[in-house]
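Listed in order, the protein sequences are those of chains D and V. Mind the numbering: the first sequence is residues 0 to 113 in numbering that gives the first Met the number 0, read in order. Mind the numbering: the second sequence is residues 0 to 156 in numbering that gives the first Met the number 0, read in order.
Since the hints were made in silico from the structure, they are not lab data. Heads up, the beta-carbon is just placed ideally off N, CA and C, and yes, glycines get one too. Check each hint, because a few of them may be wrong.
[To be verified] Listing some non-contacts, in silico: residues in chain V with all C-beta distances to chain D over 10 Å: (1) I40; (2) N44; (3) L95.
[To be verified] Partner residues are not named here, just some residues of chain D that face chain V (Cβ under 7 Å, in silico): (4) R91; (5) F92; (6) Q99; (7) L104.
[Unchecked claim] Chain D residues, not near chain V, derived (Cβ > 10 Å throughout): (8) S46; (9) A47; (10) V69; (11) I86.
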Amino acid sequence: MLQYQPKPLDLAFQALSDPGRRAMVERLCLGPASVSELAKPLPMTLSAVVQHLKVLEEAGLVKSQKLGRVRTCSLELKAMRQVEGWIAERKRFWEQQYDQLEAYLAQTAPEEDQ
Amino acid sequence: MTVTNATFTIERVLNASPARVFAAYGSLEAKSAWFRAPTDIETLNRDFDFRVGGRERFHARWPSGMTTDFQATYHDIVANERIILVYDMFHNGDKLSVSLLTLELRGEGGRTRLIHTEQGSYLTGGVEAVQGREHGTTWHIDNLVAVIEGREPRAFS
């Protein structure tokens, strides 16, 4: 079982359950964008976009950086997936070692264990 | 570079007494019989000092040319009961993680339940350097959306 702190995947799934937020994430798949660029194609106010961004940021999906008067947003998802992949690999590594440990214990079992 | 803290556990019931399982960890000869890479690898450095404060190292080069380096320090050893170590994992010289690994051995009627609990700090910059595989970000979104919509996501690999 994997436990993520402080941003469980649940939070990410919840954040993506909203079609508006999903549209924003889809836009960010193409590359970083400013808040107003994100808002332009969406039928919502700028302040609503800012609210949605906050949810995405809290879920660890998006990060934003303010440069001068422009806030630029980009996807943070890559890091999360890579960590997940790496942990799965690490787990596989140990599972493999324990398979070998089991085989070793079977080979070296004393008579009375059989 | 970002750091992510994650914990995972592995449990195995082994068909041997805790004393025999502990012995499999206790000497280089016994440990080398099972703690090894599945393919032909070249061992570059191998240290083994099984005592509290002692260090273990397994530095190897794989057929692909990649090097892996496991560097551990034993922090607690109770015969037939537990082993606690901290290890760093490097791939091609990049540090990927620092982990606290607790191994508990619990006797269960002649068998042993091995509980491996690993609390790690995973350094994603290192992961990027190692894996060198670039998945399109859209792929991740597709997967997340698939999960939300109740469809089968593609397994992480």
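Each hint tested on the structure:
Taking the minimum C-beta to C-beta distance to chain D, about 13 Å, the non-interface status of I40 of chain V holds against the 10 Å cut. Listed as a non-interface residue, N44 of chain V keeps its Cβ farther than 10 Å from every Cβ of chain D; the least gap is roughly 19 Å. Residue placement check: L95 of chain V does not keep its beta carbon more than 10 Å from all beta carbons of chain D (closest about 7 Å). Interface hint status for R91 of chain D: violated, as the beta-carbon distance to the closest one in chain V is roughly 10 Å, over 7 Å.
The interface hint given for F92 of chain D is broken, as the beta carbon of that residue sits about 9 Å from the closest beta carbon of chain V, more than 7 Å. Because the beta carbon of Q99 of chain D sits about 4 Å from the nearest beta carbon in chain V, less than 7 Å, this interface hint is met. Interface restraint check: L104 of chain D against chain V, minimum CB-CB distance 4 Å, threshold 7 Å, status holds. No beta-carbon of chain V comes within 10 Å of the beta-carbon of S46 of chain D; the shortest separation is about 25 Å.
Remark: the non-interface label on A47 of chain D is consistent with the geometry, its nearest Cβ contact in chain V lying 21 Å away (cut-off 10 Å). For V69 of chain D, the requirement that its beta carbon stay farther than 10 Å from each beta carbon of chain V is met, with the minimum near 22 Å. The non-interface label for I86 of chain D is inconsistent with chain V: the shortest C-beta to C-beta separation is roughly 6 Å, within 10 Å.
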